[in-house]
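Each chain, letter by letter, is given below.
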Amino acid sequence: MRDHRFRTLLAQNAAFVLLWLAMLLALAPVLFIILTMLVKGLPGLSWSFLTSHEAGMLPSIVGTVLLVLLTGLITTPLGVAAAIYLSEYARPGPVSRLIRLAILNLAGVPSVVYGLFGLALFVTWLHMGRSLLAGACTLALLVLPLIISASEEALRQLPRGLREGSLALGATRLQTIRRVVLPNALPGILTGLILALGRAAGETAPILFTAAFFSLTDPFPSKLTDPIMALPYQIYVMATEIPNLPPEQKWAGALVLLVVTLGLNLGAIVIRARLRKKTRW
Amino acid sequence: MSTDIVHSEASISSGNIHLPEGPICLETRHLSMFYSSTQALFDISVSLPANQITALIGPSGCGKSSFLRCFNRMNDLIEDSRVEGQVLLDDVDINTPHTDVVELRRKVGMVFQAPNPFPMSIFDNIAYGPRLQGIRSASRLEEIVESSLRAAALWEEVKAKLHDSALALSGGQQQRMCIARALAVEPEVLLMDEPCSALDPTATFHIEELMLELKKRYTIVIVTHNMYQASRVSSHTGFFMLGELVEFDRTEVIFESPTDRRTDDYIRGRFG
Amino acid sequence: MKLLKAAREAIIERLIQVSGFLAVLFVILILAFLLRDALPVLKTVSLGAMLGGDRWSPSAEPPKLGLLPMLLGSLYVTFGALILAVPLGLACAVFLSEVAPPALREILKPVVELLAAVPSVIFGFLGLLLVGPWLQEVLGLPIGQFAALGSLILAFMALPTIVSVSEDALRAVPQAFRHNSLALGATEWQTIARVTFPAARSGLLAAVLLGMGRAIGETMTVLMVTGNAPVIPRGLEAFVRPVRTMTATIASEMGEVAAGSAHYHALFMIGLLLLLITLAVNLAAAAIVRRTGVVRK
Ligand SMILES: Nc1ncnc2c1ncn2[C@@H]1O[C@H](COP(=O)(O)OP(=O)(O)OP(=O)(O)O)[C@@H](O)[C@H]1O
Ligand SMILES: [Mg+2]
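Protein chains in written order, with my numbering: chain F, 9 to 289; chain P, 26 to 297; chain H, -3 to 293.
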């Protein structure tokens, strides 16, 4: 009897040790990635490397910023409107279930398939060519499900009394949405938007055949229909196609991309944490 | 028991209800209400007097809130809810396809059980309704905010911090602010659904004082679980049970010599 | 004036409603456009010849468009990733939901989720420049780009999905189950192993499926680290040889191909297959989640 008791406790301890190890193993790559990138990337990083457009990152930084801004511009109104529909208008039932299913599936479509779709629809069919515009449209689609989900969650977290209070004062549904619902959901929506833009900034496959190019002579776009250089694409090219580039430049480039994407994510996390503390209903 | 119900229904339509003196403000005729398949209100015909406080009492779940929300059609917001019969506001049926619900809700203000200030400044909360109606002038808005807050007996306490967040007020202050917010759109009727249930006795006292003051200008309907409150502030009282309006009369009558045995049982605390 | 306002509101509300259906519209559009550019390849080869064909050499005359190398390549890399990621991910989820003190959990969960924020090209970069060469040396391999390297990195990329969804599933198990088991004298571990974990199993399955969807669709990493040799993988030793996945084929060849050629359409066919596979995986996960009512964020 006592022997049995001893063995079950032993099993528990062994299992818990394994669980701890698993957790540590899962954390390892985060630390590994960040530390390695810092150690290897920092030496090659310099002001001139960031701001020069012959051997530097400036064209890709500019390209990525433009791409991300345009993506946000396209996707935000669509995503927020869709979220408003789902949380404020749609009745629960087969229709809203269908929409949710579509969103879930959209979120699961591989990024390279988005690239193909962007090539077929935006680049070819709509004659945008390989361009900033086509790339932004493709990325806008890719992050749309993220924006919708985040916005809907932000809207749903608002207390019901807020809407009732406004309607009871003689506000229309739309006035209620515009004046009390949206302003109060805004921080949550913003968090989702930043996360989505972080994702857009790091994606390579969707812009591979819709927007990105590599040029030393004419790296800056002058109009929406020009192709652009972009950080993730430049990292890819530096890693795979330019073997005699000094390695510290490759690492420094990758570090820039990592800082941009993780920076956006950390920003969103911080905003969210602030929000949790600040709002009390 | 079931014979009792038949009896009381008959007695209500045959004269248990004393038509209130003065202009009739709110009236229902054969009002029934449904939440999808379950019926919440059964054939209610009653007139609520203008410029008076009418109290609605009854055990939990008997349909008081549902009844109250018929008067500003807040029930519209609930999926699959449905109303039969008529609800009249100054002799006008408010359940027609032509009714402007937004206009209706402006005329019939509502204060909820839990204070629900918008997360904005006190000033913006009160100015919310007037702004919806297109009032932009800063001086006009200031006037409205001040007079509404005065009417809700809150002005002195908050005049120095009008632009602070309304969420920083105490519960009782928040509820009075919600009353002020409702008054700012100049309604004719004020519906109050257990407005004091989240408040301490002092705050409750303030609100009751306020109601007595407000009835000079508004018709007030209040749902309450507090029988003392009903007897203190109201001129008329309706007793609900299981979705029926069992008895409606002057408050003294209801509390001193009710006609229906169920009313008697309830006010003597013989129900659970 | 008032009428005008009402009309304007009606228009805006209609726009909102239309936006609500955008997601459905886009799913349909994606399918339609992929079909449109994929189907013409069937004029050159039959679907059977594609799916069963073991040679991919699109510039040959006539082009050889067998997809077997890529299908199996994706299968190898994905299953390799799942073999690593599923036990690790489930263990982490159990740790976070059942063992870790809440304060620790609040810190660790975002850290794991941070993995999902690292761009795939960075994973590929590290694999290609650092981990691959290192493993090559340690294991004495002929080349530093091989299937198992892809699996290893993909495992960590799929980890956040698996951990996050399984943790939700575990936390959705009613507290009463645990309390009852503990009250019967079970240890915490026995409670986890015999009550909590089994009770959450359908949510856990959904987590694995979603992780799998993530792994199949991943492109840049595998493109950079698996060597891209379009040969049919055979046996266990294929894990230490170069392979090529469906995603990598599209990414590496779409750039050079002439629009309208059989090769172009064949690449779209691969994309279509990829889309159908991920749709099926996601629908299956959604069905499981819906049937058992596990709420997913
Ligand atoms: N949104 C709803 N959907 C379905 N049924 C509802 C809904 N709201 C109320 N009901 C039902 O209608 C009946 C009356 O509810 P109502 O809220 O009007 O009661 P009440 O008298 O206000 O109770 P309380 O004193 O607890 O506030 C109850 O049986 C309740 O379950
Ligand atoms: Mg109620």
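For the record, the hints were derived by calculation from the structure and aren't laboratory data.
Any given hint could turn out to be false.
Chain H is faced by these chain F residues, among others (derived, beta-carbon under 8 Å) [unchecked claim]:
(1) F14
(2) V38
(3) L46
(4) V47
(5) A90
(6) Y97
(7) A98
(8) G101
(9) L109
(10) N113
(11) P118
(12) T225
(13) F228
(14) S230
(15) L232
(16) T233
So the derived label-pair ranges between C-beta atoms look like this [unchecked claim]:
(17) R107/P / P191/F: 54 to 60 Å
(18) V278/F / P98/H: 18 to 24 Å
(19) T40/H / L39/F: 31 to 37 Å
For glycine and all other residues, C-beta sits at the position ideal for the given N, C-alpha and C.
Consistency of the hints with the structure:
no.: 1; hint: F14; in the structure: violated, 12 Å
no.: 2; hint: V38; in the structure: holds, 6 Å
no.: 3; hint: L46; in the structure: violated, 13 Å
no.: 4; hint: V47; in the structure: violated, 11 Å
no.: 5; hint: A90; in the structure: holds, 5 Å
no.: 6; hint: Y97; in the structure: holds, 6 Å
no.: 7; hint: A98; in the structure: holds, 6 Å
no.: 8; hint: G101; in the structure: violated, 13 Å
no.: 9; hint: L109; in the structure: holds, 6 Å
no.: 10; hint: N113; in the structure: holds, 5 Å
no.: 11; hint: P118; in the structure: holds, 3 Å
no.: 12; hint: T225; in the structure: violated, 19 Å
no.: 13; hint: F228; in the structure: violated, 22 Å
no.: 14; hint: S230; in the structure: violated, 23 Å
no.: 15; hint: L232; in the structure: violated, 21 Å
no.: 16; hint: T233; in the structure: violated, 18 Å
no.: 17; hint: R107/P / P191/F: 54 to 60 Å; in the structure: violated, 33 Å
no.: 18; hint: V278/F / P98/H: 18 to 24 Å; in the structure: holds, 20 Å
no.: 19; hint: T40/H / L39/F: 31 to 37 Å; in the structure: violated, 50 Å
Of the hints listed earlier, those the structure fails to meet are numbers 1, 3, 4, 8, 12, 13, 14, 15, 16, 17 and 19, in rising order.
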